[in-house]
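Engineer: Sequence:
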Amino acid sequence: MYHAGMSEKAKNEAHHGFIQDKYTTIVATVAFGMGIDKSDVRKIIHYGSPKDIESYYQEIGRAGRDGDPAVCHAFWSQKDIVMNRSRINKSMREPYLSHAFEMLRSMEEFLTSMRCRRYLLLSHFDPSTAAPSQPRSSCCDNCDWQINNQQVIFIFYDPDGSSSKCIDVGKEARWLFRVIDEVYKGYSGLAKPVDFVRGLEKEKSRVRDSTRSFYGIGKERSDKWWKALGAQLRIHGWLTEIRKGDMAFGACVNLSSKAKKWYLANTEELMLEASPLLLAASSAKNKVTVAGPSRTGGTTANVEDEPKTRVLGLKQLRRYLPATSYPSLKKESTGLLEAIPLVEELRRLLDNVRMDLSKEQDCGPFQIASNKVL
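With positions in the sequence shown counted from 1, the corresponding number in my numbering is that position plus 1179.
The hints are simulated quantities; they were obtained by calculation from the structure and are not laboratory data. Glycine included, each C-beta is placed from N, C-alpha and C at the ideal position. Treat each hint with caution, since some may be false.
In the BS3-like style, the derived pairs of lysine-lysine whose C-alpha atoms are separated by at most 30 Å in a straight line are [to be verified]: (1) K1188 <-> K1538; (2) K1423 <-> K1381; (3) K1350 <-> K1258; (4) K1538 <-> K1230; (5) K1437 <-> K1403; (6) K1381 <-> K1371; (7) K1269 <-> K1406; (8) K1269 <-> K1437; (9) K1538 <-> K1551; (10) K1230 <-> K1403; (11) K1258 <-> K1423; (12) K1269 <-> K1350.
Distance ranges between label pairs, derived from CB positions [claimed, not checked]: (13) Y1275 <-> D1245: 16 to 26 Å; (14) M1262 <-> G1365: 45 to 55 Å; (15) K1188 <-> K1269: 33 to 43 Å; (16) E1524 <-> M1262: 48 to 58 Å.
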């Protein structure tokens, strides 16, 4: 463990123990990861959403610096986004506030998108980055999910290489936009407009003749679905967050210029990337029309009310069988099979020698010889 509340002696012991492979795992604050000089870190786990996408990029950059494969996981919930938004509201003022919100928006898009996460990271720093032409195995969890899960039918790839999983939310978005703009005048968060369109009693006092038809118009959709829709509209620039007055713990939701232009044009269709949360919150009775710029067009499929549990790293990457299961190896490579235990023993001895040398030189084992060399 490593954090600011520890003594200098304890922190130094933890730091050197990790560098010299005395400890295989260390639980630490962000500051430890930023200062670590160890090239053979194989896994980085974020417990909670990073504050922004640029910080996340720096932090995961500590893994796999020796060129060998490494894995990064992020475990997060919507509460993390709310806490980060509150922190930004309390600690920043314009013009930095808008930039901080934009960075948080990019992080939330990265976490909720079904597109290739590697592409999302690279394109954030270089918009000219070419989108992948198809999902790539072992690239990210989204790519593996699309390749191995039956829901791959939803994914589309157009000729220019971009991919999308879109649903038409034009009708529901128009309802929500009008309630935000005409009922609450941009002076509320997302929860109250959602309660209004769902017809909750606590928002009935807001009903006026001009907006009466919108009270309860969306009651067939769940609260979870409406909030997932609002989050996607905000992430993709249809809604903006603005702090008004001395608000320190939240921000008001307003229509962006893009949303106002769309609304005034009386456009019926609004194609929005469907996040797992938005699809998961859809009712089993509803059919979601999925469309994309592909040669095959769109498709329609039932969406289950309760999604199947998705666990990161659940997919089995390889299936290992004993060499005796392969006839060609059994017949022709008997000598090689007999040598396998010797190779394993040699690797163990080399690891021990590397560890002894690193202790003598007071350095990390990876500085003596990399795993690839061994």
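Engineer: Now, for every hint given, state plainly whether the structure supports it.
Structural biologist: So, going through the hints one by one against the coordinates:
no.: 1; hint: K1188 <-> K1538; result: holds, 19 Å
no.: 2; hint: K1423 <-> K1381; result: holds, 23 Å
no.: 3; hint: K1350 <-> K1258; result: holds, 28 Å
no.: 4; hint: K1538 <-> K1230; result: violated, 37 Å
no.: 5; hint: K1437 <-> K1403; result: holds, 25 Å
no.: 6; hint: K1381 <-> K1371; result: holds, 9 Å
no.: 7; hint: K1269 <-> K1406; result: holds, 24 Å
no.: 8; hint: K1269 <-> K1437; result: holds, 28 Å
no.: 9; hint: K1538 <-> K1551; result: holds, 20 Å
no.: 10; hint: K1230 <-> K1403; result: holds, 24 Å
no.: 11; hint: K1258 <-> K1423; result: holds, 22 Å
no.: 12; hint: K1269 <-> K1350; result: violated, 35 Å
no.: 13; hint: Y1275 <-> D1245: 16 to 26 Å; result: violated, 37 Å
no.: 14; hint: M1262 <-> G1365: 45 to 55 Å; result: violated, 24 Å
no.: 15; hint: K1188 <-> K1269: 33 to 43 Å; result: holds, 35 Å
no.: 16; hint: E1524 <-> M1262: 48 to 58 Å; result: holds, 51 Å
Of the numbered hints given earlier, the model fails hints 4, 12, 13, 14; all others are met.
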